[in-house]
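*Asks:* The primary structure of each chain is shown beneath.
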Amino acid sequence: MQGPLIEILARQGITRRTFMKYCATLASLMALPPSAGRAMAEAMAAAGVATKRPSVIWLPFQECTGCTESITRSHSPTLESLIFDVVSLDYQETLMAAAGHQAEEALHNAMKAGGYLLIVDGSIPLGLDGAYSCIAGRSNLELLKEAASGAAAIVAMGSCAAFGGLPHAKPNPTGAVSVSDVVKDKPIVNIPGCPPIPVVITGVLAHFLTFGSLPELDKHGRPKAFYGETIHDRCYRRPFYDQGKFAKTFDDEGARNGWCLFELGCKGPVTYNACATVKWNGGTSWPVESGHGCLGCSEPDFWDAGGFYKALSTPANPLKMASAAVAAGAVAGVAVSFANRGKKRAAASAHETTTLADLEK
Amino acid sequence: MPLDAIPILAVPQGLHSDERSGNAPALLREIAEMLRRFLANGETSAIDLHALPLTPADLEWLREQLGGGEIAITLNAEGESSLNETACPGVWWVTHRNPNGAVDSEFIEVADVPDLVKAHHEDVVIGLDHLELLISDLSKQRAF
Ligand code: SF4
Ligand code: SF4
Numbered sequence: 000m001q002g003p004l005i006e007i008l009a010r011q012g013i014t015r016r017t018f019m020k021y022c023a024t025l026a027s028l029m030a031l032p033p034s035a036g037r038a039m040a041e042a043m044a045a046a047g048v049a050t051k052r053p054s055v056i057w058l059p060f061q062e063c064t065g066c067t068e069s070i071t072r073s074h075s076p077t078l079e080s081l082i083f084d085v086v087s088l089d090y091q092e093t094l095m096a097a098a099g100h101q102a103e104e105a106l107h108n109a110m111k112a113g114g115y116l117l118i119v120d121g122s123i124p125l126g127l128d129g130a131y132s133c134i135a136g137r138s139n140l141e142l143l144k145e146a147a148s149g150a151a152a153i154v155a156m157g158s159c160a161a162f163g164g165l166p167h168a169k170p171n172p173t174g175a176v177s178v179s180d181v182v183k184d185k186p187i188v189n190i191p192g193c194p195p196i197p198v199v200i201t202g203v204l205a206h207f208l209t210f211g212s213l214p215e216l217d218k219h220g221r222p223k224a225f226y227g228e229t230i231h232d233r234c235y236r237r238p239f240y241d242q243g244k245f246a247k248t249f250d251d252e253g254a255r256n257g258w259c260l261f262e263l264g265c266k267g268p269v270t271y272n273a274c275a276t277v278k279w280n281g282g283t284s285w286p287v288e289s290g291h292g293c294l295g296c297s298e299p300d301f302w303d304a305g306g307f308y309k310a311l312s313t314p315a316n317p318l319k320m321a322s323a324a325v326a327a328g329a330v331a332g333v334a335v336s337f338a339n340r341g342k343k344r345a346a347a348s349a350h351e352t353t354t355l356a357d358l359e360k
Numbered sequence: 000m001p002l003d004a005i006p007i008l009a010v011p012q013g014l015h016s017d018e019r020s021g022n023a024p025a026l027l028r029e030i031a032e033m034l035r036r037f038l039a040n041g042e043t044s045a046i047d048l049h050a051l052p053l054t055p056a057d058l059e060w061l062r063e064q065l066g067g068g069e070i071a072i073t074l075n076a077e078g079e080s081s082l083n084e085t086a087c088p089g090v091w092w093v094t095h096r097n098p099n100g101a102v103d104s105e106f107i108e109v110a111d112v113p114d115l116v117k118a119h120h121e122d123v124v125i126g127l128d129h130l131e132l133l134i135s136d137l138s139k140q141r142a143f
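Top line first, the protein sequences correspond to chains A and B.
Just so you know, the first sequence maps onto residues 0 to 360 in numbering that gives the first Met the number 0.
Just so you know, the second sequence maps onto residues 0 to 143 in numbering that gives the first Met the number 0.
If you're looking for bench data, these hints aren't it; they were derived computationally from the structure.
Glycine included, each C-beta is placed from N, C-alpha and C at the ideal position.
Worth double-checking, as some hints may not be accurate.
[Said to hold, decoys possible] Output of the computed footprint for chain A on chain B, the stretches with three or more beta carbons under 8 Å from beta carbons of chain A:
1) 42 to 48
2) 71 to 81
3) 91 to 100
4) 112 to 122
[To be verified] To spell it out: a stretch of chain A is covered by chain B in this simulated footprint if at least three of its residues, at any positions, have a beta carbon under 8 Å from a beta carbon of chain B; those stretches are:
5) 8 to 21
6) 25 to 33
7) 280 to 291
This is chain A alone, in the form it adopts within the complex:
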């Protein structure tokens, strides 16, 4: 195992064994056989010795840079961000040192060569001929079409690029759409999340570099290795859900005892993501562990799903909110109206400083 990556890592004080350990864990997270960890380490370290490093173009469109933050600031020095050193990151506005014409030239040179991996974060606004978001005087739509034509594959990073995200939320003033709404003729991997978990993007890159292919995807174009199970499937509060022990407010006895957050609007049962196992901030914790329900951020349209603090109507009915069922006079809302009644009672008998209605405002 030799090559520029190992040298770059060594310069950052990261040893070969650290890297091998990282790859072993990465393979485990991706549900690949243990031998794949070794193969990944070899392939990533060797990339570049052969001929040239695989080229990556990263285009930020209508976005908040949260996804870039997630990947580059996970821990320090972050192996996730260093993995990008194995590839030749030819264009990334936030990370690149070059600016202005120099930067645009790097982009054009990389695009001329073709066969690159294109990473997109942010949605693409179609309104006003794309005038809502431009880079160097050209619309996101125009740039995406041009960059996609020479790409080997596209990674739509974050819920905005994957599903339209917050810019797409009703009434969608800029006419924002996802990458897959625009590009129809290239393999696209969606890595949703607001933001996505850093190791997921490294996993996809490692897979691409090691096996020369993209990992297996689900019906929303997400890698099954990370989005194969719901938050609820792997939630450590699940035994309480199964016993029917629910927190009714954020400060009641149940909340203090760490009971299930379903009635406080947890979207874990319909949300496919790896938070419950991989966790956040270097494995420190994750939303449910710190006492808040899952928002469903890796699912299409989670932003318009009716309210973060409203209980799901039925776990099997994706993102159908309790209030919608009740408003429509649906009979199916029995369990839910029970849940909501319980909530009201609990709020009344507990104390009233912050109510769920306040949180919904």
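Got chain A sorted already, so can you dock chain B with the ligands onto it with the hints?
*Replies:* Frame of chain A; chain B with the ligands shown alone:
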């Protein structure tokens, strides 16, 4: 504010996980099979313990059955890893932890020594360079 003043109880991980699932005994047979292959043709192999439906109680049971061996290796690389030989020579229990001490991944490896333990030749070359530098410094000092 001290942590225990916050009125939220963190529920310990592995709640209700004190029951055994019954999946662990099968693993003993698989490890035996791996050892036979290792003896026959030197083939090393590994089991990813997180890829299997095992409860903490299962892991505890398995660890007890395999027992502790003579060698325990600690690797300090972005968190501590332990690579411990079990009472069955050639069977290693490998645990990788992150800098916060949380277990990242856990494997059973069948090998003379786990790959990770071996020094890589490229690194040996770097070590040799370093040593030669030290020696040349020493001889320079003697010249004065
Ligand atoms: S509803 Fe939410 S808090 Fe409850 S078990 Fe499922 S994921 Fe965990
Ligand atoms: S817990 Fe849910 S809302 Fe929070 S980051 Fe994970 S998937 Fe997104």
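*Asks:* Which of the listed hints are not met by the structure?
*Replies:* Going through the list in order, the structure violates no hint and respects every one.
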